[in-house]
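Number of protein chains: 4
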Amino acid sequence: MSFQNPVFIPGPTNMPEALRRAVDMPTLDHRSSLFAEILHPAREGVKHVLKSATAEIFFFPSTGTGGWETALTNTLSPGDKVLAARNGMFSHRWIDMCQRHGLVLQVVETPWGEGIPADRFCEILTADTSHEIKVVLATHNETATGVKSDIAAIRAALDAANHPAMLYVDGVSSIASMDFRMDDWGVDVAVTGSQKGFMLPAGLAIVGFSPKAMQAVETATLPRTFFDIRDMGKSYAANGYPYTPAVGLLNGLNQSCGMLKAEGLENVFARHRRIADGIRAAVHAWGLRLCAASPDLYSDSVSAICTPDGFNATNIVTHAADTYGVAFGVGLGDVAGKVFRIGHLGMLTDVMALSGIATAEMCMADLGLDIQLGSGVAAAQEVYRATAAHPVRAAA
Amino acid sequence: MSFQNPVFIPGPTNMPEALRRAVDMPTLDHRSSLFAEILHPAREGVKHVLKSATAEIFFFPSTGTGGWETALTNTLSPGDKVLAARNGMFSHRWIDMCQRHGLVLQVVETPWGEGIPADRFCEILTADTSHEIKVVLATHNETATGVKSDIAAIRAALDAANHPAMLYVDGVSSIASMDFRMDDWGVDVAVTGSQKGFMLPAGLAIVGFSPKAMQAVETATLPRTFFDIRDMGKSYAANGYPYTPAVGLLNGLNQSCGMLKAEGLENVFARHRRIADGIRAAVHAWGLRLCAASPDLYSDSVSAICTPDGFNATNIVTHAADTYGVAFGVGLGDVAGKVFRIGHLGMLTDVMALSGIATAEMCMADLGLDIQLGSGVAAAQEVYRATAAHPVRAAA
Amino acid sequence: MSFQNPVFIPGPTNMPEALRRAVDMPTLDHRSSLFAEILHPAREGVKHVLKSATAEIFFFPSTGTGGWETALTNTLSPGDKVLAARNGMFSHRWIDMCQRHGLVLQVVETPWGEGIPADRFCEILTADTSHEIKVVLATHNETATGVKSDIAAIRAALDAANHPAMLYVDGVSSIASMDFRMDDWGVDVAVTGSQKGFMLPAGLAIVGFSPKAMQAVETATLPRTFFDIRDMGKSYAANGYPYTPAVGLLNGLNQSCGMLKAEGLENVFARHRRIADGIRAAVHAWGLRLCAASPDLYSDSVSAICTPDGFNATNIVTHAADTYGVAFGVGLGDVAGKVFRIGHLGMLTDVMALSGIATAEMCMADLGLDIQLGSGVAAAQEVYRATAAHPVRAAA
Amino acid sequence: MSFQNPVFIPGPTNMPEALRRAVDMPTLDHRSSLFAEILHPAREGVKHVLKSATAEIFFFPSTGTGGWETALTNTLSPGDKVLAARNGMFSHRWIDMCQRHGLVLQVVETPWGEGIPADRFCEILTADTSHEIKVVLATHNETATGVKSDIAAIRAALDAANHPAMLYVDGVSSIASMDFRMDDWGVDVAVTGSQKGFMLPAGLAIVGFSPKAMQAVETATLPRTFFDIRDMGKSYAANGYPYTPAVGLLNGLNQSCGMLKAEGLENVFARHRRIADGIRAAVHAWGLRLCAASPDLYSDSVSAICTPDGFNATNIVTHAADTYGVAFGVGLGDVAGKVFRIGHLGMLTDVMALSGIATAEMCMADLGLDIQLGSGVAAAQEVYRATAAHPVRAAA
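Just so you know, the protein sequences line up as chains A, B, C and D, in that order.
Residues 1 to 396 (full-length UniProt numbering) make up the first sequence, in order.
Residues 1 to 396 (full-length UniProt numbering) make up the second sequence, in order.
Residues 1 to 396 (full-length UniProt numbering) make up the third sequence, in order.
Residues 1 to 396 (full-length UniProt numbering) make up the fourth sequence, in order.
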């Protein structure tokens, strides 16, 4: 592995130098008044990224998994019913967490590569006339399959069923890379982490709670202390933190939000789409297909690429690491060995993307796949040339 | 606040440049083989620091508070009985966490400034003939009062009572600064964090489980997912992590353990004692006394200094920050306003310590206390001159 | 030596974190348009610091010594006559350079500890009716003795003598720390470096040429290529550089000028004076005296402190380094062994200064000098307490 | 320009993170004993890179241009005769410097794209029976044309002519990237800089003097002070420096030499050749040719690529910067507008090289050249696949 090559994993991303520096700060007394000058703007910044006017934002020294646990334990009680679809490894894990915490799950098994079936959810919710379902879980972007689900459609299903269940969305690999509309979509808890669209090291769970979710906190009986948002909220109101905060990461998050806002969220999303279009053009040129079943499901932050039957896709990832010092993502769970993944979120340039495509080509050729060298690169070059603009100026 | 001055809070500490750099690393694919080369040596390093041959070591992207929760939820079930002493803010908080998680507490209320009463524990444990008490909690170093308790004595109490309860120790502000003997003292769970003796940013909970504690995991029914050491252990065995690890912090921890080992643990402890002796000489020269009731209780990582009746000690901390750009610690809980704290853990030099003492003198004089300028400095200078050796060479 | 302690040498200074980061930038193509965005603002920034409206500013990857050579070789021819006073090691070295380059020197030998004798210069200039003297050299701040000379008085001497000689000033250890008025004082060439008042690493010679000095370039015949300001100027006009520039240092210089301007030059000077006053109060409390003969000569960037007869002052410096990990400056040349020096320029805080004073006290006591521990600290504390304000907020 | 993309200029190079950190060190007192621990190993390291057992190594805070001046002014006197070939911009500049310093030049005008004509040198030297020629200059690698000359052949010419002239070699863009044999080739002065094969920021001139060149110093009368190696040598002998050294760069150089030695010089050279072979395969695939006239002249550190007649090659460089945020090198002097240059020295990976090739393709296509997208990439991929090994592990 060479630290000079970009990484092409679906998070942690390549980090802009300015954000690494913001994180790597000298020790700041988190009980001093300076802490509030980092904390509160970071919370405002995240609200902006979530497109929410009313969400309460909380940060935990943790990861997205901790964010899931924050969502569940602060709002639910043992035996509460939860509706979810399993269409990939990450939706599977959230479901598993629910079960471990004594929740009752209704799982819609969904082929990996498909999105969350909003129509099936609508049927289930409509049938749940006694409103036993308290929460609907949705994984916005299945990092394992590169599938983006339609959250607005799930909101529409809830509304059509006139069902009061709350909607919790895992936006770990979508938020800050793809459009996310917490208020418009009626999301009650949004969960993400620092190491994806925010381009920071792992170590922060970032969660947004709607007013409705905040109300549910009062009656929830699942035990919680570390992840208790009541302590967190009380401390924030006093410009503090209930334990020792990860100040550097919060400082980085604040700066990251500033960078995203300066570029413009819609520009950030367009940039991700543009880079992803190049990757997808390469996949097509190679004669391969994505795990995602149809173009409306294509993720702009990660592409899971199916390799031919009988070929172990994981070998590509191992070979890339061992021979070219480049990190791609392996297939997980049901698609292990069947796909390899190219992560393309964060501050990736055309030039970096092309180097990843070129490396994938070499690996596939080395391993005997019938890939024409340069073909994927050429396809992506066409995309990038056609859409190139003056590049973003990344400050040091 | 000036980032050029040292901080004198009881953690996070001043960070050696080499550790900041170890943490601030480029993105490393945590699914690559390089991750194991960080993870496993870090685990070995922590075992060495804990002086344990048999502990299983786990790291969570979290803080000491998360470490407490890891200890409880992995080994206990609702209704289990826990024995603890409340002699400061941090012992109080761990007790509070137990209660929130449905455990039954037997609390020995202890004056703040005193250590854990091992004899009283012995009486209680002896009386508990049915062995309802499953766990004894002990805060090795009460960061709020600068009191170090005698863990060996608590082990002796358990042994004298012939009681099978497990012993869980919060060593957040002692481990890697003061002697800690997990095996000798029969500690079943040891908890610490990255931002104290390990001189790193906050963000890692570090826990060690004895074989007995590992066994308890099998039957414990408190819900847990993020902090579940079974997932963690399974992933470690496969050179992985159950979610995205904080790779930079783990890299820093590995290097920190290396630095501590290179210096020699006993030398590290002697260095902390020496710096603390200087601080204590200054306190004596000022005509003030420590919150810790007797010299055997004096902490080598933090000193809580009592100010005269009628004087608000918190003003010293505010004034130091506002006027001299220096961070001290305020009093917490029962001793709020009665003490201010000088943290002296981590890689502090004589020279840095003297600057903190000089600053405290100016602040006290500014605020009308009858302090002779230079008196504390002179007393500490005597200590440091008498014990100075060739200084540690901190690599860049 | 510990990198955690401040240094107390008269340059290179302790570096603000923000400037270290500005210097440590990724590779930037110096032939791209971005280079001009660093170069030209840095030139403007230096003009502001020099208080000049008309100077041409040039930067060489070099040091102050290279700046001296730039001044001489660009404006003089072999055999040209130069007037200078020798009152310390650095004035001596510039004189020596003149001689090596074939210039004819008229040297006014001046006791080390005294300033440049403007009245004697006036006599000499008045007597030089044929105007053979082409240049008067003046070392604004003799770093070796801690003596600040009166440049305005030298200008007055030139004017009183109605002499057309140019005035070249070595401001290496004064510029950006003490008041410097290029235009008001009629300075024709001002020379400094990056590692003093600009708080950067060594590696840049910074020179300012008056219009009169620029004219002299046309007729000067001393050979020069690397230091030729004509190549430099031509390249600047084309937004380039005649060879590979030290881009990081230039970026740092640009940011340093921004920091100085944001604080306000007069505030920067007052801050240096305030810190120096504390040091001087300590020297007085120790019963020692400065090498500088009278208060009007006291430098605000470095204090050379005389030790008692028979005592080797260099031992203090060696002992401080070996025992306490702190760097002071030794005496040089005529005052070697007779003085030790405390550098106090750059972004030094009260707290840092006090730690240096406390260390000097310990060293002197360790070596048998009759110094009361804490006495110098107490004297400095009085100064700092009386003048303390809300501290500068050094950004990370 | 994006700092996330590699640069493809022929220096300064992309910097390994470890070297950036070595340079970015805290202030170290250069009069302390620690300085010698950086200086002397760095000198030894450079001797190893130069393959010399007897050279004296000197470092100046300067650039390669300063290194040229060091070579000339320390060993020659006005009117001394120098033989040189002009076959590119950098040989031209060294010739120009000689003339400015009053030396008498015999210049062999050589087509740009050709190497130094050793046979013509032999004729001239043979004809110089009175041994008026004191020095032969040779630019090992003409950065402007990507031409590597045969230094061994020039030594052979000197020997065949039985001529005592010294041989001075500009190895700025060859040393530490391509084989250089100071002793075997009888090089008397070798000149390089920090920002090429040593992968550091610009700011250090690095020169090696043979014993014969050291002798010439005694009689040379060209004026010099800043670049005087006598002062430098005397200071080194006392573990010091004649003025303020660029400590961070020296620390970086020491570490760079360590990295090069650890990899093995022959491996370093093979790595450069391998990367260069890929670039050259791409050029061939594009149907273009190199400026270097024949394969034996091909430089392994930079390729100058000729574009078709009537096309302004500089537009490629401008377009790459503006549109794709990538830096290539323009043509200089006689080949301005006729070539663009791809720098491929330093720690470049296959993956980085491919991204540069892909970018060049896009630029050429955008500007209307008849280039098949992906063709150069495919050609380079073949080279890299065929020669790939486990990649160098660049430490953070």
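Incorrect hints may appear among the rest.
Chain copies aren't distinguished; within one or between two, either way the pair holds.
Claimed, not checked - DSBU-like, lysine-lysine: derived pairs with alpha carbons at most 35 Å apart:
#, residue 1, residue 2
1, 47, 338
2, 51, 212
3, 212, 338
4, 338, 261
5, 212, 134
6, 338, 234
7, 338, 81
No lab work stands behind these hints: they were computed from the structure.
Hint by hint, work out which the structure violates, then give me just those numbers in ascending order.
1, 3, 4
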